[in-house]
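So the protein lines, in turn, are chains F and H.
Be aware that the first sequence starts at 1, since it is given in the working numbering, and climbs by one per residue.
Be aware that the second sequence starts at 1, since it is given in the working numbering, and climbs by one per residue.
In short, the hints are calculated from the structure, not lab data.
Some clues are possibly wrong.
Stated by the list, open to error - Partial list, derived from the structure: chain F residues whose beta carbon lies under 10 Å from chain H: (1) R18; (2) D62; (3) S83; (4) K137; (5) K192; (6) L193.
To be verified - Quick list of the computed label-pair ranges, beta carbon to beta carbon: (7) F:F111 / H:P512: 53 to 63 Å; (8) H:S603 / F:R39: 49 to 59 Å; (9) H:I557 / F:D114: 47 to 57 Å; (10) H:S461 / F:I74: 26 to 36 Å.
What the hints assert, rightly or not - To give a feel for the contact side, a few chain F residues facing chain H, derived at Cβ under 7 Å: (11) Y23; (12) D61; (13) A170; (14) R174; (15) F190; (16) A196; (17) D200.
Given the structure is predicted, the values throughout are model-derived calculations rather than measurements.
Heads up, the beta-carbon is just placed ideally off N, CA and C, and yes, glycines get one too.
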Amino acid sequence: MRVVVAEDLFLLRDGLARLLGAYDFEIAAAVDTAPALLRALLEQRPDVAVVDVRLPPSFADDGLRAALEARRQIPGLPVLLLSQYVEQLYARELLADQAGAVGYLLKDRVFNDDQFIDAIRAVAGGGTVMDPEVVTKLLGRRSRDEPITRLSVREQEVLELMAEGRSNTAIAQRLFVTEKAVSKHTTSIFSKLGLAASEDDNRRVLAVLAYLNS
Amino acid sequence: MPPHGAPGPVRATMVGMWILVKTVWNALARLLRHFGWGGLLPVVAAMGMALFGVLPWTVALVLLALIVAAWWPAVAADLLPVTMLLAGIWALMVAAVAGSVANWAVVSRSITFIGPQRLIKKPPGGPGKPTAVKGPGPVFIKGPPGPVTVKGGFGAQSAQNLQAVAGPRGRITVLPWTGTLHGPLFGGPGGPLKPGMPVQYSVARPVGGPIPVGHPGGLLPTGLLVPLALLLLALGLWLTPRAIARLRDRMPWLVPYLRRWAVENRWGVLLIPVTMFGLVVFGVRPWTVAAVLVAVIAAVRWPKVAADLVPVALVGFAAWGFAIASSWQSLAAGRNGHQAIYGAVQVSSPQMALLAGAEASVFLAFAAWLVPRTIGAHARTLLHPGPDPELAGRVQQLTETRGHAIDAATSELRRIERDLHDGAQARLVALGMNLRAVERMLPTSPQAALALVAEARETSSRALSDLRNLVRGIYPPVLADRGLGHAVQALALDTPLPVRVDVDLPGRLTAPVESACYFAVAEVLANAVRHSGASHVDIRMQHTDGTLRIEVCDDGIGGADQAKGTGLQGVERRLGTFDGIMAVSSPTGGPTMVVMEVPCALSSPKIFSS
């Protein structure tokens with residue numbers, strides 16, 4: 001699997017490349033500025049890109065903008081953004097095109113390499129991965145919301161994990177329940193929130209995120 | 001019901017009265033219900049017609065009042081107490097001078113001072129017959145035109161010609177003295193008329209259409225004037241505090257501004273009442289009215305010049321008062337018209353002349369007291385220009401806001417230091433100790449070492465999380481990335497309330513201003529979430545004419561007080577560093593609106609280059 005890495009700090013860029021290499025990713029390009037990233041994305045068309053939000057030249061959200069621009073030109077180009085902080089505003093912009101194949105995670109998540117690699121693979125496969133912190137904030141905003149308060153505690157847990165982009169299998173493992181139980185919960189959640197149920201994992205995540213974001 | 005057994009006509013009258021009162025009462029009640037207190041404005045305006053007669057300008061006033069009451073009832077309600085007070089005072093003044101000379105133009109060049117009067121309905125003895133005038137004082141002749149002969153051995157003369165000049169309603173005053181009298185204060189003849197004494201005539205003619213109350217042409221019976229005036233004053237005084245409270249709610253800046261202006265320019269403002277005094281001394285003439293208008297303009301436009309004119313005008317009045325007091329008799333004889341009225345005093349006797357002199361002395365003393373405060377002060381600043389008070393005020397304001405800024409920066413640094421010390425720093429120490437332990441354990445018990453490594457990873461995660469929160473409090477990332485508009489939008493997204501953000505900012509502000517405004521909005525928004533119980537919040541940001549204006553409105557319970565909340569005070573101080581201001585309108589029951597304005601420049605928008 002070919003991957004482009006964009007990170008301006010040498011140590012982190014090197015670490016990321018080494019980590020990805022250990023999991024049999026092929027590093028198509030490792031860049032340190034936003035213009036270089038955009039060029040690499042458009043020329044290399046990698047299977048997935050791991051991008052730091054803050055990049056030179058202006059050290060603002062240049063990485064995010066470059067990724068968005070690349071996805072505008074190549075719709076659905078898988079991009080996983082890493083940042084020292086997560087903002088709902090940026091999450092919204094990433095999700096706006098409804099194309100999936102995006103991820104938005106805190107840099108700390110790299111520490112847990114198994115989960116991190118899973119996330120990269122999910123994004124490369126067209127899935128949507130949101131940092132738990134984003135999901136918590138989304139849920140916090142809807143805390144006064146009628147339908148959400150009608151969910152049971154377990155259903156809320158399932159909703160959170162679903163919004164983070166996890167599959168039924170992953171949720172079942174995480175909550176130590178059977179997949180059947182999870183799918184029962186998801187059906188219940190979808191009917192309580194008035195969402196059209198979908199078997200497709202990715203469309204399901206997007207529906208949940210769109211609901212929380214509205 | 002009228003008393004039983006009352007005679008028919010009386011009973012009919014009482015029933016009629018009852019119906020009239022009830023009709024008027026019903027009409028008023030309906031008016032009040034429909035238009036509020038403002039509905040009374042045309043009624044008060046109609047007083048003008050009652051006082052001055054049906055004239056173009058009184059009719060125009062009533063029409064204007066009707067329009068205001070119908071279209072802007074709130075404005076009408078605000079104007080009502082003022083107009084009531086003015087009408088009441090005016091009516092009282094008219095009542096006081098009714099029958100005096102204010103509305104009479106002197107045709108002959110002699111005085112028409114009114115002393116004790118005797119009204120002669122018709123020339124006694126009929127036309128052509130001599131009229132005997134007894135005793136001193138002016139004689140008031142009123143009635144159909146006809147020859148009036150003043151006789152009595154003191155220069156008999158036909159008044160027919162004079163009456164022709166005066167018109168049918170004119171009056172002729174016969175004074176028992178000549179204009180050539182001298183003597184300082186109490187001199188001059190006077191006393192009973194004696195045969196052979198010269199007599200001077202004064203002929204006055206009514207001017208300007210209908211004559212005030214009590215005279216033919218006025219619409220209001222004199223008897224009703226004083227009760228009506230008192231009613232208006234009482235109502236006006238009762239309504240004034242309400243109108244002021246409403247005004248304060250609607251324009252919170254107005255009252256403090258007016259108060260400050262009035263205190264700063266108090267001597268200049270004094271010119272208005274002083275020139276108004278001229279109306280009393282010299283009568284309502286074009287030039288006295290013009291003087292009052294000029295005084296109002298001067299007090300507003302050139303308060304310093306107006307202040308300097310106050311003692312000058314007062315000295316002039318004092319001089320005039322002394323002149324009247326010293327030679328009231330000769331003046332009364334008619335050199336300068338009817339100017340023997342001086343303020344509250346009608347000089348017709350030696351005692352009154354003494355009073356007028358005392359009044360003039362008070363004016364002179366007041367003028368002397370004012371000179372060092374007005375002319376003297378201005379001359380001093382001209383001769384020895386000290387520090388410009390405006391500049392001095394600015395320096396003080398800058399000193400204050402600089403102090404606040406330094407305090408804020410210091411406490412902010414202390415907070416950061418504490419957070420780092422207790423948070424990330426402590427965790428890094430723990431991390432180091434953990435790693436050292438791993439080092440020691442690795443050769444002997446790799447399993448335990450592995451558990452420690454997992455713990456170390458957890459600790460580094462916590463340290464990062466601490467640092468993240470700290471950074472967000474110092475300078476929010478979105479603010480750094482995208483500027484104020486996006487940062488406030490991000491803030492709105494993180495707020496557990498529906499917040500609508502409406503931004504019109506075609507560029508970036510300087511970083512310090514952006515930061516101050518961001519934290520100001522954050523504080524106000526946090527207040528709305530914590531205390532207001534609002535169901536939603538509106539934020540508007542707009543940059544026009546070099547000023548950033550931010551409005552934060554919520555539909556909560558209100559009652560936010562700038563003076564009480566330390567948060568709002570902090571916001572005000574934060575903005576004060578940039579000459580920004582904040583106004584809070586939060587009546588009990590809501591809604592709350594916080595307006596912040598910061599003068600600042602807008603740089604061109606940052607364009608992403610790829």
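Right, here's what the structure says about each hint:
1. R18: Not OK, violated: R18 (chain F) not within 10 Å of chain H, min 17 Å.
2. D62: Holds: closest Cβ of chain H sits about 7 Å from D62 (chain F), inside 10 Å.
3. S83: With Cβ-Cβ at 8 Å, under 10 Å, it holds.
4. K137: Cβ of K137 (chain F) sits 6 Å from chain H, so the hint holds.
5. K192: Violated. Min distance 20 Å.
6. L193: 18 Å, violated
7. F:F111 / H:P512: 53 to 63 Å: 36 Å, violated
8. H:S603 / F:R39: 49 to 59 Å: 29 Å, violated
9. H:I557 / F:D114: 47 to 57 Å: For D114 (chain F) against I557 (chain H), whose Cβ atoms are near 51 Å apart, the range 47 to 57 Å holds.
10. H:S461 / F:I74: 26 to 36 Å: Given a distance of about 34 Å, which is inside 26 to 36 Å, the answer is holds.
11. Y23: 18 Å, violated
12. D61: 4 Å, holds
13. A170: Check failed: Cβ of A170 (chain F) comes no nearer than 21 Å to chain H, outside 7 Å.
14. R174: R174 (chain F) check fails; min Cβ-Cβ to chain H is 18 Å, beyond 7 Å.
15. F190: Where the cut-off is 7 Å and the nearest Cβ of chain H is about 24 Å from F190 (chain F), the hint is violated.
16. A196: Violated. Min distance 25 Å.
17. D200: 27 Å, violated
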